[in-house]
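Number of protein chains: 2
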Amino acid sequence: MAQDMTLHWSSGSPPCWRVLIALEEKNLKGYNQKLLSMEKGEHKGKETLDINPRGQVPAFKHGNNVVNESIAACLYLESQFKSSGNKLIPDSAQEQALTYQRALEALNLQQRLADLAQYTMRVPEAERHDSAVKRNREALAAELQIWEGYLQKGGPYLAGKNFSMADVVFFPLIAIILRFGLSQEKHPSLTRYYNQVKDRPSVKATWPPHWVNNPPGMDMLKDL
Amino acid sequence: MAQDMTLHWSSGSPPCWRVLIALEEKNLKGYNQKLLSMEKGEHKGKETLDINPRGQVPAFKHGNNVVNESIAACLYLESQFKSSGNKLIPDSAQEQALTYQRALEALNLQQRLADLAQYTMRVPEAERHDSAVKRNREALAAELQIWEGYLQKGGPYLAGKNFSMADVVFFPLIAIILRFGLSQEKHPSLTRYYNQVKDRPSVKATWPPHWVNNPPGMDMLKDL
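Which chain is which? The protein sequence lines are B and E, in order.
Numbering (the UniProt record's numbering) for the first sequence: 1 to 224.
Numbering (the UniProt record's numbering) for the second sequence: 1 to 224.
It is worth saying that the hints were derived from the structure and are not from the lab.
One copy or two, it doesn't matter: identical chains are merged, so the pair holds either way.
Keeping only pairs whose Cα atoms sit at most 30 Å apart, straight-line, the calculated DSSO-like set for lysine-lysine is:
{"#": "1", "residue 1": "204", "residue 2": "44"}
{"#": "2", "residue 1": "34", "residue 2": "153"}
{"#": "3", "residue 1": "40", "residue 2": "29"}
{"#": "4", "residue 1": "186", "residue 2": "222"}
Could you build the full structure based on these sequences and the hints that come with them?
What follows is the structure, encoded as structure tokens:
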């Protein structure tokens with residue numbers, strides 16, 4: 001059915017996971033896929049660069065149409081396959097507003113997570129400061145409180161009673177943050193949300209393969 | 001016509017400018033608006049916080065529907081007012097793919113610009129390094145070359161022959177970068193693009209008021 005699609009992805013990458021979930025939700029099966037090892041630098045290989053010249057995953061192609069930015073790919077799939085699978089962007093103005101808002105707002109959380117997780121990769125050793133790490137941790141903690149508040153007041157999903165594009169974008173982030181050891185006690189609404197969404201068929205079917213037999217055991221974020 | 005809309009904005013902010021352009025393109029006139037001074041901290045006032053609890057602009061409301069993230073607000077306006085004004089997301093799969101891709105990909109340029117422009121605001125003096133500023137400048141220069149290449153090969157607009165959502169998102173960024181003194185000689189395609197889009201009615205009508213009688217005279221980016 002989706003043999004004219006190709007996805008290059010890596011296990012556990014939130015942007016890749018979004019596209020995998022969107023494909024499942026839209027009931028698009030049988031696409032060509034290539035699971036790449038970032039550690040081995042496979043995302044810098046010619047075949048991936050041909051789709052995504054930035055040498056990043058996801059690298060996604062439908063026919064000759066390339067859409068590599070994860071949110072762009074999800075919006076494209078929803079728009080091109082409106083009547084297939086589950087509707088990810090509701091029609092009603094109220095729900096639609098909240099869906100777009102939370103889907104794009106999730107990039108704040110993504111940036112805070114990247115600032116912290118990629119600090120040692122992005123900043124040369126001679127420039128690193130413990131005070132910067134502390135500030136990045138505090139910024140991530142504050143951002144998480146905003147989302148804890150949203151789910152405490154609203155829910156069960158981010159844009160209300162139905163799973164939507166907002167959850168497609170957000171869930172992979174909170175999944176990885178909990179895997180890094182975020183305190184469940186201090187984030188009861190995020191934890192409830194995580195436990196509910198993780199059993200959704202599209203999410204189970206796309207669970208990062210290297211997570212399956214490899215429990216977290218990481219406590220990098222436990223005091224957040 | 002759009003009396004049920006409220007926009008709080010500040011002059012020259014790329015995210016705010018996007019929403020202003022989208023409202024013009026969709027022919028939505030007569031909305032309530034409030035031009036805020038960031039220098040005076042007016043975006044932290046109660047009236048703005050009531051719409052956007054992050055204390056950021058744009059703060060946008062349509063009836064009771066709040067959509068503050070700039071790209072989210074633009075997508076919402078396009079979706080809710082499909083048949084009004086100009087179409088910002090083309091129907092054809094090929095053009096639509098490129099529109100979504102470039103609109104979201106522009107956030108890379110936004111981040112590189114923010115990393116450089118906000119370095120002294122975000123990083124305490126004791127942690128600042130000239131080497132980090134140099135790296136941020138190089139990252140912005142490399143990102144700009146990517147966009148120069150897109151417009152050299154394609155165009156005249158970012159997603160092809162028609163103005164689209166990709167331009168709504170991208171133009172305010174290149175406008176501010178050129179205002180900061182980016183070399184036009186080294187970026188002929190970006191300059192041609194800028195000169196073409198700046199005269200578009202929606203862009204002229206929303207030109208940052210504090211830019212009108214205040215020519216750039218800034219050369220922060222001239223050697224990029």
